[in-house]
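**Q** Please work from the sequences and hints to get the whole structure.
Those sequence lines, one after another, are chains E and Y. Throughout the first sequence, residue numbering follows the numbering used here, covering 1 to 108 in sequence. Throughout the second sequence, residue numbering follows the numbering used here, covering 1001 to 1115 in sequence.
To be clear, the hints were calculated from the coordinates, so they are not data collected in a lab. Even glycine gets a Cβ: it sits at the ideal position worked out from N, Cα and C. Keep in mind that the hints are not guaranteed to be accurate.
As the list claims (entries may be wrong) - Some chain E residues near chain Y, calculated using beta-carbon distances under 8 Å:
hint, residue
1, Ala39
2, Ala42
3, Phe63
4, Ser97
5, Gly101
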Amino acid sequence: GQNIDQPTEMTATEGAIVQINCTYQTSGFNGLFWYQQHAGEAPTFLSYNVLDGLEEKGRFSSFLSRSKGYSYLLLKELQMKDSASYLCAVRGDYKLSFGAGTTVTVRA
Amino acid sequence: KAGVTQTPRYLIKTRGQQVTLSCSPISGHRSVSWYQQTPGQGLQFLFEYFSETQRNKGNFPGRFSGRQFSNSRSEMNVSTLELGDSALYLCASSRTRGASQNEQFFGPGTRLTVL
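**A** Next up, the structure:
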């Protein structure tokens, strides 16, 4: 089975940086994903890590340590539109298991 | 390229009824996964289909079933509806080959309300 933990809520100021941590325990590992989901909308893909290290994509970066079962999503230069839920998901075989999500609120 | 489409977008049913939801994947995507999303449980994996075969199944009762057609379109069925089945049902498609094969694209979802 898979167990995925991430904080429930985080608040940050516009222009700041926020780091969302995700820890996981899995019997099989074929990659870790981060998704963004705005209220009432479907999740949209942000990043994918399968090897250890940092993947950077614009204002968003994602880090993975397989030996520690740990990942983080870094959001830089926060904008109001970044207020959303961020979902950490681990892929084992063909099954994708999601964490409960972290609600990020960006304040002016 | 059109995205993942799901029909209907909203559905209201009563306990005991059954429901069928439809999902059309992105053109060229052959893998379709279904998820149930509720405020209390988050996103829960239901099942995944590839080439008309169920590849994996989550921990849901047998009332939840699905199938995939030769054109990769997929349907899921819930029989004997219960109040707890009220949720957003999301479909996601992905390629099966190439560097982007692991990325899943989600449809807008079907909001099911059971009264």
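**Q** Could you run down the list of hints and mark each one as holding or not?
**A** Here is how each hint holds up against the structure:
1. Ala39: Where the cut-off is 8 Å and the nearest Cβ of chain Y is about 11 Å from Ala39/E, the hint is violated.
2. Ala42: holds, 4 Å
3. Phe63: violated, 18 Å
4. Ser97: Given a least distance of 6 Å, the restraint on Ser97/E holds.
5. Gly101: Status holds, d = 6 Å.
Checked against the numbered hints above, the structure violates hints 1 and 3; every other hint is satisfied.
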